[in-house]
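There are 4 protein chains.
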Amino acid sequence: MIIVLKPNPDQKQLEALKKWLCEQNLTVHDSLGVNNTVLGLVGDTTAVDTEMLRAMSIVQDVQRVQEPYKCANRKMHQTDTVIDVGGVKIGGGTFQIMAGPCSIESQEQISEIAVAVKAAGASILRGGAFKPRTSPYAFQGLREKGLEMLINASRQAGMPVVTEIMDISQLPYFEDVDVIQVGARNMQNFELLKELGKTDKPILLKRGFSATLTELLMSAEYIMAGGNEKVILCERGIRTFATDTRNTLDLSAIPLLRRMTHLPIIVDPSHGTGIRSLVKPMALASAIIGADGLMVEVHNHPEKAWCDGQQSITPETFADVAKCVRDVLPYRCREEIE
Amino acid sequence: MIIVLKPNPDQKQLEALKKWLCEQNLTVHDSLGVNNTVLGLVGDTTAVDTEMLRAMSIVQDVQRVQEPYKCANRKMHQTDTVIDVGGVKIGGGTFQIMAGPCSIESQEQISEIAVAVKAAGASILRGGAFKPRTSPYAFQGLREKGLEMLINASRQAGMPVVTEIMDISQLPYFEDVDVIQVGARNMQNFELLKELGKTDKPILLKRGFSATLTELLMSAEYIMAGGNEKVILCERGIRTFATDTRNTLDLSAIPLLRRMTHLPIIVDPSHGTGIRSLVKPMALASAIIGADGLMVEVHNHPEKAWCDGQQSITPETFADVAKCVRDVLPYRCREEIE
Amino acid sequence: MIIVLKPNPDQKQLEALKKWLCEQNLTVHDSLGVNNTVLGLVGDTTAVDTEMLRAMSIVQDVQRVQEPYKCANRKMHQTDTVIDVGGVKIGGGTFQIMAGPCSIESQEQISEIAVAVKAAGASILRGGAFKPRTSPYAFQGLREKGLEMLINASRQAGMPVVTEIMDISQLPYFEDVDVIQVGARNMQNFELLKELGKTDKPILLKRGFSATLTELLMSAEYIMAGGNEKVILCERGIRTFATDTRNTLDLSAIPLLRRMTHLPIIVDPSHGTGIRSLVKPMALASAIIGADGLMVEVHNHPEKAWCDGQQSITPETFADVAKCVRDVLPYRCREEIE
Amino acid sequence: MIIVLKPNPDQKQLEALKKWLCEQNLTVHDSLGVNNTVLGLVGDTTAVDTEMLRAMSIVQDVQRVQEPYKCANRKMHQTDTVIDVGGVKIGGGTFQIMAGPCSIESQEQISEIAVAVKAAGASILRGGAFKPRTSPYAFQGLREKGLEMLINASRQAGMPVVTEIMDISQLPYFEDVDVIQVGARNMQNFELLKELGKTDKPILLKRGFSATLTELLMSAEYIMAGGNEKVILCERGIRTFATDTRNTLDLSAIPLLRRMTHLPIIVDPSHGTGIRSLVKPMALASAIIGADGLMVEVHNHPEKAWCDGQQSITPETFADVAKCVRDVLPYRCREEIE
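Residue numbers (UniProt numbering), protein chains in the order written: chain A, 1 to 338; chain B, 1 to 338; chain C, 1 to 338; chain D, 1 to 338.
The hints are simulated quantities; they were obtained by calculation from the structure and are not laboratory data. Given the structure is predicted, the values throughout are model-derived calculations rather than measurements. Among the clues, some could well be false.
Each pair may be met inside one copy or between any two copies, as identical chains are not told apart.
No more than 30 Å apart at the CA atoms, straight line, and that leaves these computed lysine-lysine pairs for BS3-like [stated by the list, open to error]:
| # | residue 1 | residue 2 |
| --- | --- | --- |
| 1 | K12 | K198 |
| 2 | K201 | K118 |
| 3 | K198 | K75 |
| 4 | K145 | K198 |
| 5 | K194 | K323 |
| 6 | K194 | K145 |
| 7 | K198 | K6 |
| 8 | K118 | K19 |
| 9 | K70 | K201 |
| 10 | K201 | K19 |
| 11 | K145 | K75 |
| 12 | K70 | K118 |
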């Protein structure tokens, strides 16, 4: 960490600052310039609060040299983390597709889709039981009953499931769920993250609408610091001025995250664009760019879907997407990133 | 609501769509153009899912004419809502200042600040006990103990308090809290909003980092639809490419919100800028533009603050801000907005 | 075009509006609802100023159904436009790579790079002579002399060139230039666009930092309306809150633009990310997603480049990128987009 | 400037870097840490290209301590710059209002508005002759003829004028223009800025849609480095995800710019919001926050305006705005900013 002091800092305050830094087990190196003094800190600065330093009247700027995340940091864990989800391995060079409807609507619906997406190449079934909807008047999901249907469907089809949790109080219902999803709106629901850190379930953590990559990793760190290292990251689009798509899918995040962390990273092209016809091109781009998998919304009757039908594709289209993705996998860009 | 159909829509699908719309108690008006047919819907469209309509293959676009929020809508409730917080009235032409530290650090600290900000003109004491921090390694607040200190301080100073809740499970601790704050990161924590809708406490709802004004009002609607109409909105800056400030304080939101809703709207210039020296100018601008109040971070020793010291001002500076704000109140822009 | 009127519009103003619309050769269809009247306009609304309509006190909202661009519109010109650049065909299923240094620094430098990128698979040589730099104190390009060196190098290597124009007054120097580039900062330099519309040179038009896709096409329309239909579009990243990369490369723009327009679309992964190690993954993603080509910065000594060295790759790396791109071309997603 | 090196840098490269830095007349201070070496540079780093440094393989990061602008820097010029426009002083504590129509439409129109806005308190007449319009099919301004009408109107009314230039080639027509405006789309039209730097006319430089404050000042620096120090800055809204307003007016830019530069700063609430009813509240907020003036669109018949009528106010409304602004001026926040 580097602290740039303002010109002519008060010497008493400077001594107090240095003393405090030493008490944090940091070694301080001075660099005296003509206008500004620069302090270089050596040691573990993860727990140093840059806000507090910036608040000091003698400090002009503070810059981290080390990343503020440890458990999630590639530097601390060189090899890719591989997460086993009921026999399905995520990370480390595999490519897994999670597919299913936005909302679980009935046993028939989810069971039918489960069979169809498995046949087409999906390895994990997705489906929403607890649904975060912008409007209180919109369908809020079948909740516990939906979870039951999802698990029934998964057993029939023989594939693990991923589904979203919205609040700590719902955790007891997730016992038979294989992967617990934290949605974009909850990426910084820190109490929920801490609680999930105490479980041993794999967690699918979606990037918030306006989260930086470091913030995403700090949220993963909340889960990991609690003891649960099974975190799967998911890029699902960010909010920008560009509104031709619902969100702007930030594909450069994939190679950047692979350099920053050892955790697996998947892409959700359905929410990331909000447009059915963009799912295939963005899925192919995600595969080629080195993602560890996809999450895709599939509905047997997208036009009758209870939510997000506009971005759902049919099982037939999904089969085509999955096949084309498999075709490009041998050409994936997964080499070492400096 | 207006539905623009694609050219030459399939007639069977069109009939099915019209039938379904009629079943929703909506009257459908056709407008036949050369290229596109437009359907105009008359009736209460609040519960109509525009996503579902857009997913239909014959539909090109859907546009709301009515707002999707009812309880919060100015059209349904012409006069300003006034919320009574232990005798302090918020809304309807008053101007209230909430002030206090980012974090409660000790009984002495919060008690000393409480007395100071009250003397300087604050009418409500703020202070964080449960703290949402980006890093799991940063100070997370004194939690229950902090709440106790806050309430002690408020009783000594004789002023009501506002403090943030982070999870439903903390609700029992908030019995003596006067206003419950929902932070920007939780603006779309819908389960929490629903639960708060069942209480009769005033709720201070902060705008999310990347929330539109309609989304903010839909979140207010979650609380109000549950029966709790005491919602105070708070503009606290949005995330943009402009990083000279921590966030970009969107002051045009104030007059826009006043037109859209009858709920009181306050501004947080401390989080909205993240820079101490901007608190005063942005506070004055908020007052003149017609806000119903302010929320300001005040710390007796900003340089030793356990969080967000960079944006905290001293009680002395706060007294100056409060005085200057009072001076401009007679010139406030509160006239009718078309 | 649809005009939503406010409730109970003044009848005189409404009659005046309808009369004016009829004078614009538009047919007006009324749709009377309970709260709002909606006018549907039939005819060519390209020249109707939506701003003027929105300014009327009886108008609540105006929505275009037809796109405001004609020459660039895919609906008016179903087949892909193919642009011939000295025998190199851009568009219609080909894939062309433009490569070369950010700045031309010397005859030796540009000649050496030209030979290297041609050998590696580039079909067009790029190189900056007039350089838009944020600082007036930074190197501004070799200007006319640079253009001469570029053209010399291109003749030696036997490949056409593309280079940026910054002002109309520079046009005389561009006589021997094969493709004239308009940079992101000049995307809405309308006087320059009009002037380029009078030439018969292919124009490479880069998307502005904060331009929507419709704005990009309107700028293409400026050139095309002047008679020059040879416009190549270029996605090069947009400005968002996400600053891990210099810009956020918006790859979803490629399939969206292919649906909106018949013009060829290329991607610049060098400026789009600003990071050397991201050039290859983003180049592969661009190819697979259906772009018509790439523009890549290549420098024989990136560490000594006079500008943008951080995003330049070596000829050796470029050869690897070009090879990998060729490998994935058979799997490109170029099918019909609804 | 601070250069953070990667761990274990190649010693030869490090020596070469240090040698080169010394050749730039910079003194280099080493700070050796456990993981990273940090170089502190002392001297004038304005012309040092941070891009080039970042491109070096041994460099991890580069951070400026000094600002990259000199002429515009408050540190180099402590007192406010005051610009005299035909006797009207801008900057240094005055408050000037520029008002007039978006477009000049006829001699009668501009003359009538000139008289009206002068009577209401405007000191400078604005009016567009060369109009940057997104669509080539929209009205492009009366151009030279419009300029003549503007100057006639200004002489009749006895007030100086400001109007926009779009291209260097138009400069000869601006001989009688008092202030030349550079629009947001041209903020980085560097060739135009350089040419304006050779004139002795005051330049009104509008912030680009997605420009940082440093970029705005670097564009001012282009003009000033050429010898013309008469630059007036103008905040006019930035492009964000928030689309309730046309742009997001960034009022925190005013106190920030006052700290960074000695140049006067005005606000354009008309373009900054795009909504008529927001002009007054944002004008009052701009005045109270410490701006040096306003630019406001006024039209005698906003509903018949040829462009941007939606954001134009009538002379009557303008008179009310100007009066209310005058009322709050005694309470302006113009004190020293740390």
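Status of each hint after checking the structure:
| no. | hint | result |
| --- | --- | --- |
| 1 | K12 x K198 | neither (45 Å within a copy, 50 Å between copies) |
| 2 | K201 x K118 | within (22 Å within a copy, 49 Å between copies) |
| 3 | K198 x K75 | within (24 Å within a copy, 47 Å between copies) |
| 4 | K145 x K198 | both (25 Å within a copy, 23 Å between copies) |
| 5 | K194 x K323 | neither (38 Å within a copy, 43 Å between copies) |
| 6 | K194 x K145 | both (26 Å within a copy, 20 Å between copies) |
| 7 | K198 x K6 | neither (44 Å within a copy, 36 Å between copies) |
| 8 | K118 x K19 | neither (62 Å within a copy, 35 Å between copies) |
| 9 | K70 x K201 | within (20 Å within a copy, 40 Å between copies) |
| 10 | K201 x K19 | neither (43 Å within a copy, 46 Å between copies) |
| 11 | K145 x K75 | neither (43 Å within a copy, 38 Å between copies) |
| 12 | K70 x K118 | neither (37 Å within a copy, 43 Å between copies) |
The structure shown violates the earlier hints numbered 1, 5, 7, 8, 10, 11, 12.
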